[in-house]
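> Let's have the full structure, built from the sequences with the hints guiding it.
Heads up: the protein sequence lines correspond to chains S and W, in order.
Under the working numbering, the first sequence is numbered contiguously, ending at residue 251.
Under the working numbering, the second sequence is numbered contiguously, ending at residue 453.
These are computed hints drawn from the structure, not numbers from a lab.
Mixed in with the good hints, there may be bad ones.
Stated by the list, open to error - Stretch by stretch, here's where chain S covers chain W in the computed footprint (C-beta under 8 Å, at least three residues):
hint, segment
1, 293-305
2, 396-402
3, 406-418
This one's a predicted model, so the numbers in the text were calculated from it and none came from an experiment.
Virtual Cβ for every residue (Gly too), placed ideally from N, Cα, C.
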Amino acid sequence: MLLALPLAGLAGDAGPRYVGLPGGTFVSALQYEDAKTGVRVAPFALMRKPVTNADFLAFVRAHPQWQRDRVAGVLAEPRYLSHWASPTALGPQALPQQPVVWVSWFAANAYCESIDARLPTWSEWEYAAAADETRKDARKDPAWRERILAWYARPSNEALPRAGLQAANAWGVQDLHGLVWEWTDDYSSLLVSGDNRDQGDPDRMKFCGAGALSMQDRENYAVLMRVAMLSSLEGADATANLGFRCARSAR
Amino acid sequence: MKKSFRALLFAVLAGLAFTLLSAAALAADSAPKPAPLPRDSVYQLPLRLTDQSAQVWDWRTRRGRPQLVSMFYTSCQYICPLIVDSGKAIDHNLTPAQRARLRVLLISMDPAHDTPAALQSIVDKRRLDPQRWTLAAPPAADVRAVAGVLGIRYRALADGNFNHTSALVLLDADGRILARTEQVGSRPDPEFLAAVRKATTP
Numbered sequence: 001m002l003l004a005l006p007l008a009g010l011a012g013d014a015g016p017r018y019v020g021l022p023g024g025t026f027v028s029a030l031q032y033e034d035a036k037t038g039v040r041v042a043p044f045a046l047m048r049k050p051v052t053n054a055d056f057l058a059f060v061r062a063h064p065q066w067q068r069d070r071v072a073g074v075l076a077e078p079r080y081l082s083h084w085a086s087p088t089a090l091g092p093q094a095l096p097q098q099p100v101v102w103v104s105w106f107a108a109n110a111y112c113e114s115i116d117a118r119l120p121t122w123s124e125w126e127y128a129a130a131a132d133e134t135r136k137d138a139r140k141d142p143a144w145r146e147r148i149l150a151w152y153a154r155p156s157n158e159a160l161p162r163a164g165l166q167a168a169n170a171w172g173v174q175d176l177h178g179l180v181w182e183w184t185d186d187y188s189s190l191l192v193s194g195d196n197r198d199q200g201d202p203d204r205m206k207f208c209g210a211g212a213l214s215m216q217d218r219e220n221y222a223v224l225m226r227v228a229m230l231s232s233l234e235g236a237d238a239t240a241n242l243g244f245r246c247a248r249s250a251r
Numbered sequence: 252m253k254k255s256f257r258a259l260l261f262a263v264l265a266g267l268a269f270t271l272l273s274a275a276a277l278a279a280d281s282a283p284k285p286a287p288l289p290r291d292s293v294y295q296l297p298l299r300l301t302d303q304s305a306q307v308w309d310w311r312t313r314r315g316r317p318q319l320v321s322m323f324y325t326s327c328q329y330i331c332p333l334i335v336d337s338g339k340a341i342d343h344n345l346t347p348a349q350r351a352r353l354r355v356l357l358i359s360m361d362p363a364h365d366t367p368a369a370l371q372s373i374v375d376k377r378r379l380d381p382q383r384w385t386l387a388a389p390p391a392a393d394v395r396a397v398a399g400v401l402g403i404r405y406r407a408l409a410d411g412n413f414n415h416t417s418a419l420v421l422l423d424a425d426g427r428i429l430a431r432t433e434q435v436g437s438r439p440d441p442e443f444l445a446a447v448r449k450a451t452t453p
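Shown next, in the form of structure tokens:
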């Protein structure tokens with residue numbers, strides 16, 4: 001019986017937790033002045049599914065400084081894990097297999113560090129998320145774009161589905177679209193022009209270097225929304241739809 | 252014989268342990284125990300820094316005095332000199348007593364290149380007072396986190412430069428953010444300056 005339990009758990013899993021992606025030169029929907037021909041994405045591994053409530057519960061039990069009643073205010077805002085029944089119990093608003101949300105960047109970062117991983121960079125995330133079920137880059141397909149946008153149009157006050165229910169994309173990664181928004185390691189590198197709001201200063205006073213990013217592919221609303229959302233966040237912020245998954249660099 | 256020796260040894264050891272324990276308890280009582288860090292202190296983030304003198308320390312050791320903190324990198328040609336100018340301008344607008352209470356900490360976002368020697372070259376070139384000004388670099392993996400608690404955004408560019416927001420952050424003696432400004436240069440933001448004056452006046 002003791003042996004049977006972990007095996008039963010494995011049977012429902014789609015293999016190991018990470019999948020390897022080869023990387024290469026990737027043309028972002030963002031227009032980088034310093035990388036006009038594309039960004040280099042080194043080979044990396046990405047979690048197949050977002051981190052779940054069950055995963056995150058195990059983490060805060062092992063690392064009590066990340067429990068919601070103990071966490072430092074500069075590392076997580078007051079709504080951090082506020083949907084859990086208690087600092088160390090999930091309850092009806094947070095089912096074990098749902099993706100964890102209401103997590104700050106600092107907490108997501110600490111989780112990944114605790115398992116010898118890291119958050120993916122924006123480029124890695126965008127590269128992995130460019131694929132649909134059969135194509136590694138489906139971004140030019142209007143039908144696929146529509147499908148992604150339909151998800152963003154859905155009301156966000158419904159209960160989240162479980163992680164891992166959607167079909168894997170061509171890389172073997174699930175739920176990059178259609179479930180939750182996800183933190184990236186470099187969320188605060190996305191200096192979109194919206195950041196220049198009413199400073200009264202010219203841009204050059206605010207940004208050292210090449211200035212704000214702009215969109216290369218203006219039809220790619222899904223990416224535009226992700227970038228706008230990430231660029232508006234501070235590291236301690238948490239929201240009802242924002243989760244994460246971890247990545248590892250290839251050795 | 253053997254038994255009583257063991258008992259004696261035990262008694263001696265127990266007595267010794269007791270003495271040591273009470274001495275430790277006494278020391279703990281007499282030494283002023285630092286108050287726990289406030290939950291909204293940026294020092295809640297563990298951060299090891301290497302400064303221009305190659306000294307390595309946790310930034311919690313900055314506790315006890317108000318700090319003017321910003322992020323920069325030494326090879327920056329344009330905005331970063333202005334960040335140093337901003338700190339100097341704040342200094343110039345303080346009384347000597349206020350100035351003596353303030354420390355300035357400039358944290359590098361480019362630890363790969365900002366070695367102690369590179370940091371020291373800025374201290375020399377800009378004639379910064381090493382008693383009050385510290386330039387330091389975190390481990391590469393911690394740059395995003397320290398920028399996060401300070402509310403500074405940046406992106407590494409392909410040519411080795413950085414695209415970044417520039418902010419001056421004023422911390423109280425416990426590392427709580429009292430004020431911040433994104434107005435950098437030799438003319439200080441009046442509101443920010445007022446906050447610095449207040450924080451450095453007993």
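> So is the segment 396-402 of chain W in contact with chain S by the C-beta rule, three or more residues under 8 Å, or is the coverage claim wrong?
Our answer is that it holds, as 5 residues pass the Cβ test (under 8 Å) against chain S, meeting three.
> Test coverage of the segment 293-305 of chain W by chain S using CB-CB distances below 8 Å; three residues minimum.
holds (count 3)
> Under a C-beta cut-off of less than 8 Å, do 3 or more residues of the segment 406-418 of chain W approach chain S closely enough to confirm the stated coverage?
Holds: 11 residues of the segment 406-418 of chain W have a Cβ under 8 Å from chain S.
The structure fails none of the hints (numbered hints given earlier).
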